[in-house]
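Enquirer: Sequence:
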Amino acid sequence: MTALVIAEHDNATIKGATLNTITAAIACDGDVHVLVAGHNAGAAAAAAVQIAGVSKVLHAEDASFEHGLAESVAAQVLAVASSYGHILFPATASGKNIAPRVAAKLDVAQVSDISKVDSPDTFERPIYAGNAIATVHSTDAIKVITVRTTGFDPAAATGGSAAIDTVAAATGDGKSTFIGSEIAASDRPELTAAKVIVSGGRALGSGEKFTQVMIPLADKLGAAVGASRAAVDAGYAPNDWQVGQTGKIVAPQLYIAAGISGAIQHLAGMKDSKVIVAINKDPEAPIFGVSDYGLVADLFDAVPELTKSL
Numbered sequence: 008m009t010a011l012v013i014a015e016h017d018n019a020t021i022k023g024a025t026l027n028t029i030t031a032a033i034a035c036d037g038d039v040h041v042l043v044a045g046h047n048a049g050a051a052a053a054a055a056v057q058i059a060g061v062s063k064v065l066h067a068e069d070a071s072f073e074h075g076l077a078e079s080v081a082a083q084v085l086a087v088a089s090s091y092g093h094i095l096f097p098a099t100a101s102g103k104n105i106a107p108r109v110a111a112k113l114d115v116a117q118v119s120d121i122s123k124v125d126s127p128d129t130f131e132r133p134i135y136a137g138n139a140i141a142t143v144h145s146t147d148a149i150k151v152i153t154v155r156t157t158g159f160d161p162a163a164a165t166g167g168s169a170a171i172d173t174v175a176a177a178t179g180d181g182k183s184t185f186i187g188s189e190i191a192a193s194d195r196p197e198l199t200a201a202k203v204i205v206s207g208g209r210a211l212g213s214g215e216k217f218t219q220v221m222i223p224l225a226d227k228l229g230a231a232v233g234a235s236r237a238a239v240d241a242g243y244a245p246n247d248w249q250v251g252q253t254g255k256i257v258a259p260q261l262y263i264a265a266g267i268s269g270a271i272q273h274l275a276g277m278k279d280s281k282v283i284v285a286i287n288k289d290p291e292a293p294i295f296g297v298s299d300y301g302l303v304a305d306l307f308d309a310v311p312e313l314t315k316s317l
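So for the sequence shown, the numbering used here puts the first residue at 8; every next one is plus one.
In short, the hints are calculated from the structure, not lab data. The beta carbon of each residue, even a glycine, is placed where N, CA and C say it ideally should be. It is possible that some hints are incorrect.
Cut-off 25 Å, straight-line C-alpha distance, at most; resulting in silico cross-link-like pairs (SDA-like, lysine to any residue) [stated by the list, open to error]:
#1 K63 - G49
#2 K63 - A175
#3 K63 - A88
#4 K216 - F295
Computed beta-carbon distance windows for the label pairs [as the list claims (entries may be wrong)]:
#5 A111 - S90: 18 to 24 Å
#6 H144 - S213: 48 to 54 Å
#7 A192 - A116: 37 to 43 Å
#8 A163 - F185: 29 to 35 Å
#9 T9 - P245: 37 to 43 Å
#10 S126 - D172: 24 to 30 Å
#11 K182 - D247: 25 to 31 Å
#12 E291 - D247: 26 to 32 Å
With the sequences and hints as input, model every part of the structure.
Expert: Shown next, in the form of structure tokens:
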């Protein structure tokens with residue numbers, strides 16, 4: 008049967024995580040449809056039409072979809088679910104909010120955070136903070152899946168020529184309403200989509216030092232800024248900068264870790280990065296076990312020197 012990908016979007020553009028999820032869907036089933044449920048989301052639907060590998064875009068319009076409320080989007084997915092053998096969501100905050108609701112209503116087991124498709128009914132997913140890989144076989148008629156986006160290359164955003172099909176909105180019971188949001192504005196790339204990430208750890212010692220040492224390097228590289236959980240818990244960096252098992256999963260082209268020892272929880276969030284550079288004064292730090300380049304040095308000397316040389 009056909010696979011359905013639930014698009015993440017801002018009603019104007021398709022978010023990058025959707026492109027990785029489409030690649031996973033193609034591996035499940037060559038015929039892939041994309042659902043764009045939004046409000047005044049014609050531009051997002053038009054962008055989805057252009058994605059390579061997509062044969063049809065389902066476009067549902069309703070004011071209740073404007074902010075991507077899980078209850079509303081889940082109702083829309085359920086309205087069309089019977090036509091699909093696979094329903095895939097990016098394993099983002101939004102996808103992980105909607106997918107369990109869909110799986111529960113369909114009375115199927117959710118297959119979470121897949122990193123590889125072995126066959127249409129067999130998938131691989133990391134467990135134990137990525138130290139083991141579980142192979143999961145699903146016999147459910149409809150497979151509800153969340154996709155670890157770092158495990159799949161993004162589909163090309165252009166080159167496709169999908170048909171577009173307007174579907175009737177199914178908005179659920181209306182018990183949840185959107186009240187408001189506080190969005191942190193930043194000129195930096197979004198952490199999970201950045202090609203370069205500069206991360207700092209507890210060794211920086213304070214929020215002031217974090218800003219003083221790490222931000223100039225990030226500015227020079229045009230990078231996103233990340234942090235270990237220890238640095239976030241100590242108040243050196245905001246929560247949305249946290250990389251790791253309990254933070255964000257990233258896989259940039261370049262990941263620079265300064266003053267991060269490499270606890271297993273942190274490695275789970277960044278070890279798929281293409282090139283990892285570690286700066287730590289402890290030569291036995293676990294981070295050196297996954298790094299492509301390692302520098303045993305005091306970060307307060309090494310990072311400013313690196314920034315100066317760029």
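Enquirer: Taking the hints in turn, state whether each one holds.
Expert: Here's how the hints hold up against the structure:
no.: 1; hint: K63 - G49; verdict: 15 Å, holds
no.: 2; hint: K63 - A175; verdict: 16 Å, holds
no.: 3; hint: K63 - A88; verdict: 15 Å, holds
no.: 4; hint: K216 - F295; verdict: 23 Å, holds
no.: 5; hint: A111 - S90: 18 to 24 Å; verdict: 19 Å, holds
no.: 6; hint: H144 - S213: 48 to 54 Å; verdict: 49 Å, holds
no.: 7; hint: A192 - A116: 37 to 43 Å; verdict: 40 Å, holds
no.: 8; hint: A163 - F185: 29 to 35 Å; verdict: 33 Å, holds
no.: 9; hint: T9 - P245: 37 to 43 Å; verdict: 41 Å, holds
no.: 10; hint: S126 - D172: 24 to 30 Å; verdict: 28 Å, holds
no.: 11; hint: K182 - D247: 25 to 31 Å; verdict: 28 Å, holds
no.: 12; hint: E291 - D247: 26 to 32 Å; verdict: 31 Å, holds
The structure is consistent with each of the numbered hints, conforming to all of them.
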